[in-house]
Amino acid sequence: MRPVRLAWLLLSTLFLMGFPFVFGSGGGTSLLEQIFVFGAFAMSYDLLIGYTGIVSFGHAMFFGTGAYAVAIVLSKTGGSTVGLLLGFLIAMTISILLSLVVAFLSLRVRHTYFAMVTLAVGQVFFVLAGSQPLRPLTNANDGISVLTPVWLNSNLAVYYFILIFLAIVTLFLHRFIHSPFGEVLRALRENESRAKALGYRIFHYKTLAFLLSGLIATLAGGMYVVVESFVSTSVYDIGSVSLQVVLMTIVGGVGTLYGGLIGAGIILWLQNELANLAGSYPVFNHAEIAFGVLYVLVVRFLPNGILGTLKGRKGRWRWTSQTFKKSQT
Amino acid sequence: MTILEAIEISIGYRGHQVIENASLKLDQGQFVSLIGPNGAGKTTLLNALGGQLRIQTGDIQFEGKSIANWSADRRARAGIGRSFQAVHLFPNLTTEQNIQLAVQAKRRLRLHHLLGKVDQEVTAATRQILNEIGLLHVARVAAKALSHGDKRKLELAMLLSLQPRVLLLDEPTAGMSMTETPMMLKLIAQLKATGHYAILLVEHKIDMVMQLSDRIVVLHQGHILAQGTPSEVMNDQEVTNAYLGGHYEGIT
Numbered sequence: 001m002r003p004v005r006l007a008w009l010l011l012s013t014l015f016l017m018g019f020p021f022v023f024g025s026g027g028g029t030s031l032l033e034q035i036f037v038f039g040a041f042a043m044s045y046d047l048l049i050g051y052t053g054i055v056s057f058g059h060a061m062f063f064g065t066g067a068y069a070v071a072i073v074l075s076k077t078g079g080s081t082v083g084l085l086l087g088f089l090i091a092m093t094i095s096i097l098l099s100l101v102v103a104f105l106s107l108r109v110r111h112t113y114f115a116m117v118t119l120a121v122g123q124v125f126f127v128l129a130g131s132q133p134l135r136p137l138t139n140a141n142d143g144i145s146v147l148t149p150v151w152l153n154s155n156l157a158v159y160y161f162i163l164i165f166l167a168i169v170t171l172f173l174h175r176f177i178h179s180p181f182g183e184v185l186r187a188l189r190e191n192e193s194r195a196k197a198l199g200y201r202i203f204h205y206k207t208l209a210f211l212l213s214g215l216i217a218t219l220a221g222g223m224y225v226v227v228e229s230f231v232s233t234s235v236y237d238i239g240s241v242s243l244q245v246v247l248m249t250i251v252g253g254v255g256t257l258y259g260g261l262i263g264a265g266i267i268l269w270l271q272n273e274l275a276n277l278a279g280s281y282p283v284f285n286h287a288e289i290a291f292g293v294l295y296v297l298v299v300r301f302l303p304n305g306i307l308g309t310l311k312g313r314k315g316r317w318r319w320t321s322q323t324f325k326k327s328q329t
Numbered sequence: 001m002t003i004l005e006a007i008e009i010s011i012g013y014r015g016h017q018v019i020e021n022a023s024l025k026l027d028q029g030q031f032v033s034l035i036g037p038n039g040a041g042k043t044t045l046l047n048a049l050g051g052q053l054r055i056q057t058g059d060i061q062f063e064g065k066s067i068a069n070w071s072a073d074r075r076a077r078a079g080i081g082r083s084f085q086a087v088h089l090f091p092n093l094t095t096e097q098n099i100q101l102a103v104q105a106k107r108r109l110r111l112h113h114l115l116g117k118v119d120q121e122v123t124a125a126t127r128q129i130l131n132e133i134g135l136l137h138v139a140r141v142a143a144k145a146l147s148h149g150d151k152r153k154l155e156l157a158m159l160l161s162l163q164p165r166v167l168l169l170d171e172p173t174a175g176m177s178m179t180e181t182p183m184m185l186k187l188i189a190q191l192k193a194t195g196h197y198a199i200l201l202v203e204h205k206i207d208m209v210m211q212l213s214d215r216i217v218v219l220h221q222g223h224i225l226a227q228g229t230p231s232e233v234m235n236d237q238e239v240t241n242a243y244l245g246g247h248y249e250g251i252t
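So the sequences go chain by chain: A and B. All residue numbers for the first sequence refer to the UniProt record's numbering, where the first residue is 1 and numbers rise by one. All residue numbers for the second sequence refer to the UniProt record's numbering, where the first residue is 1 and numbers rise by one.
What the hints contain is simulated information worked out from the structure, not anything from laboratory work. Take the hints with a grain of salt, since some may be wrong.
[Said to hold, decoys possible] Derived DSS-like pairs: lysine-lysine, alpha-carbon spacing no greater than 27 Å straight-line:
hint	chain 1	residue 1	chain 2	residue 2
1	B	186	A	311
2	B	144	B	186
3	A	311	B	117
[To be verified] Okay, the calculated bits of chain B under chain A, using three or more residues with CB under 8 Å as the criterion:
hint	stretch
4	6-18
5	60-69
6	102-109
[Said to hold, decoys possible] Sample of chain A residues lacking proximity to chain B, with all beta carbon distances greater than 10 Å (derived):
hint	residue
7	24
8	202
9	258
10	266
Glycine included, every Cβ here is placed at the ideal spot set by N, Cα and C.
This is chain B alone, in the form it adopts within the complex:
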């Protein structure tokens, strides 16, 4: 079942067309990777799906409903979670507060919360998530003081706290060290294995893309150049010429 779909969308800034007539589908439980050279429009496409950018033409549908005019917060509430290329946290708040805000976002704040305390179930859920992702020991540390790997972990944990149905991950391993990257890869693989999420990943690490993806979409100069299974895409001559420098031996 298709959960998120972009139908012939176009996005431009000041006369410059960044995305032109791009269409892609994301099915329930499916893992799709969006690849392409720098400047191809990958993040722009993700921004359009997440509601950070408005499309000029075409439509975006979530569970069959048009969400093109929905704001980013409404899409998040509907179940579209978005991570950013640069880590997006609340830097001066503690790790615990960051998670708590994400957990709280899913629940509605009511009048008694105006002068009240955080609900116990929110606190308990926060502690559980901290424990699960292995950040309990830095619960009281300001997010800005965490290592880059921990910041990435925290961001992903915040995203999962929203209990989304779709995950839009923008280069989740960007800036990570050689030792931190496998940890993130393992986390994402675990998310895929649950089958709960439809995941759209933007990533430059092609081996990671090959390992995880059910389908790959190749974006080049704002156009969808190709899409299909990893082997179909990697054996596409146009793709290898445009993105992989004419040669890729990782798949047969």
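Isolated chain A (complex conformation):
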């Protein structure tokens, strides 16, 4: 690892580890917990859109399924550790089955149809979660309040639990995108017919990307329940979850991995600030207007997102300095 990169990693780790001790376990720490959860969610989405070139408008189906599975099992087991583990296990199983079914139905068709199928399936889950026949399981539109295990009762414990989760997800995704599998996914994004002509089984690789992305989104959904101790149908909402994760990824930088985390930080911080302002200025109740403006500005002025633009500039700087050095010798 390059020294600069190592220094950044150490600094950010120290900052995040020490944050609750310096700033207390109040608003800032709670916001960071949400950023960690949605950051992991956005990075999982980037695996799909940025590394494989697949657009999904229904990624909330995984996030919501993770949240509901963990919440239901925790509520049925009285918030035990076994319940938490079982919840995550069931969530992961459902996620794998769901991604295989959706992939089988739609990954062979054109990307536009795939996006539409995910949108439709996502909406089905939204309706199911709020439906009356499923009230005994989901508590319909009233949502489920959850008891978490005793060792997760303090804000500090939740913060570090989520931080460890984020670290594992980041490490996993970092290794994956730099693995031979990650390379093949990038090849698919670049030129699918060439990859096919080289003998790669396109459908298998796309399914794998969809499955892994869905699995991480599901885990992020489960973590959301740990943070909020509550789940409602909003976790399946297209506007506030599925499209929000698209926005987070685009703002941070598609195909940069860590951009999703940056995007999640910016969007959630902005959402928080706007909610504070809404007390004095009711116009800020409509945060989506601000997000719409942000989206237009990013697409217009930073089409590669924040991290993508920074990386591009760094690349240009490196090229210029190398060319300059060569011309000097």
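Please build the complex by placing chain B on the supplied structure of chain A, with the hints as guidance.
Just chain B, lined up with the frame of chain A:
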């Protein structure tokens, strides 16, 4: 020994018949050129052999087995390599990554590759190929930034990395400059000389076709007009009328 054979195949789009009852054979180590005017169906025929297009009737056999229902990737894995008329690369990946992907394609990815690194033997094979085709100096350059000639070279190198038994080359010199074309011609001649590959070449440069081919197949309006040795084909009155404007003096 026949390695690839199209048996009376027909291909059409929306009622328009592009290829009709075309048959051709490719023997091990043989160099066959497919010529014909624009719109004759040469690329369509290549697409059918490579699996990019499905045939409507007839059969395609590879080493005596029917492969008509095989997908393009399965045919590639079986040993049918395909180059395209327009350069087909991974433009934002480096030259090295492009070759590496081709080398990797021949080997199976296993579970430990999910979070692991590229195998050393893949890296070594990639460096060797880069060296052999003279692209080592641009190994870290994005494929889209290469010159057209280098892009063509890279595409051919990717194809050879698959260790194919059949090469389907669609106008490999298209868009190349006067200085780049002889380099490609030399490369293809070297491939022929190895005797490892059965090569089917689609090309408009008739002198190149004459120089390299063991056999020539002439396609005209979706039909095979003639096939035979270069001299047989060039002395065929129907061919000279349909394709060569009634006159060709390059061969006796």
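Residue 202 of chain A and chain B, when compared Cβ to Cβ, separated by more than 10 Å
Check fails; 7 Å does not lie beyond 10 Å.
Would you check the hint for residue 186 of chain B and residue 311 of chain A, treating anything up to 27 Å between C-alpha atoms as holding?
violated (41 Å)
Using Cβ atoms and 10 Å as the threshold, tell me whether residue 24 of chain A really stays out of contact range of chain B.
holds (37 Å)
Outcome, coverage of the stretch 102-109 of chain B by chain A - at least 3 residues whose beta-carbon is closer than 8 Å to one in that chain
Coverage by chain A holds here, the residue count being 5 at a Cβ distance below 8 Å.
Beyond 10 Å from chain B, beta-carbon-wise, is residue 266 of chain A?
holds (26 Å)
Taking 27 Å as the top limit, are the C-alpha atoms of residue 311 of chain A and residue 117 of chain B close enough?
holds (23 Å)
For the stretch 6-18 of chain B, do three or more residues have a beta carbon lying closer than 8 Å to a beta carbon of chain A?
violated (count 0)
Using Cβ atoms and 10 Å as the threshold, tell me whether residue 258 of chain A really stays out of contact range of chain B.
holds (18 Å)
Please count how many residues of the stretch 60-69 of chain B have a CB within 8 Å of a CB from chain A and say whether that reaches 3.
violated (count 0)
Run the distance test for residue 144 of chain B versus residue 186 of chain B: straight-line Cα separation, threshold 27 Å.
holds (24 Å)
When the structure is compared with the earlier hints, violations turn up for hints 1, 4, 5 and 8 and for no others.
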